[in-house]
Amino acid sequence: MPKMIVSIDGVVIKEVQLTKDRTTFGRRPYNDVVIDNLAVSGEHAALQMSGNEVTLEDLNSTNGTYVNGKAVKKQALQNGDTIEVGKYKIKFVNEAEAPGFDKTMLFKPGETPVPAAAPAEGGNLNGALRVLSGTASGREVPLTKAVTTVGKPGVAVASISRRSQGFVVAHVEGSGIPLLNGAPIGNEPVALKSGDVIELAGTKMQFIQN
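Numbering (my numbering), first residue to last: 110 to 319.
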């Protein structure tokens, strides 16, 4: 099923599966994908899905819609295309075209993508978050997705991304800065090791990798 991976400054903030014939994105809250940024128009662009083909259409946005760096009005998308809306980058993934596409390969511009190693029997990239405080204390959240977001929207949100060499944590949004082992997480993603403690919006979680 086709999907979009939305990121800003190299940090993935959401993944959206394309399940409808028409998916809109823009700043207004009624869009299927809401991108709350002043550079994004209220109704910025739409994706039209017909069978396995997806066409992007710019809805006369103020700042334009770009695919792989070129302004477009209407264009059929190919697997791996990057849509740019304001500061946001939206990677289009159509796994039907490329069943071998590795969903966990996330890299920033300038980095050389390294093919992800296939997990060994039993999985060498199994991770989980164990909640250490609050009403959910003791609960474990398995990190099975390419990107898992945790926290409280508008307060503090962090993302934990699964990469070929392990897991990294990054601050996504909110005025509250997540802490890793008591130290603030900056703008760059930070590699996690088993036993690390993440503190976010007053909740402590321990990262476990086995």
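Do not take every clue at face value.
To be verified - Mimicking SDA-like on lysine to any residue, the simulated pairs with C-alpha atoms at most 20 Å apart in a straight line are:
#, residue 1, residue 2
1, K302, S284
2, K261, E249
3, K200, E249
4, K129, D118
5, K123, R272
6, K254, N319
7, K261, T312
8, K182, T132
9, K123, G291
Quick caveat, the hints were computed from the structure, so don't treat them as lab data.
Given the hint that K261 pairs with E249, does the C-alpha gap stay at or below 20 Å? Within the cut-off at roughly 18 Å; holds.
Could you grab the alpha-carbon distance between K302 and S284 and see if it respects the 20 Å cut-off? Given that 20 Å is the threshold and the Cα spacing comes to 25 Å, the pair is violated.
Hint check: K123 vs G291, CA-CA at most 20 Å. Holds or violated? Violated, at about 26 Å.
Holds or violated: K254 to N319, with C-alpha atoms at most 20 Å apart: 16 Å, holds
Hey, K182 versus T132, does the alpha-carbon distance stay inside 20 Å? 16 Å, holds
Are K200 and E249 close enough, with their CA atoms no more than 20 Å apart? The given pair, whose Cα atoms are some 30 Å apart, is violated under the 20 Å limit.
Does D118 sit within 20 Å of K129, going by the straight-line distance between their CA atoms? Distance ~28 Å between K129 and D118 Cα, so the pair is violated.
Below or equal to 20 Å on CA atoms is what counts here, so check K261 against T312. 10 Å, holds
Going straight from one Cα to the other, do K123 and R272 come out at no more than 20 Å? 16 Å, holds
Going through the hint list in order, the structure does not satisfy hints 1, 3, 4 and 9.
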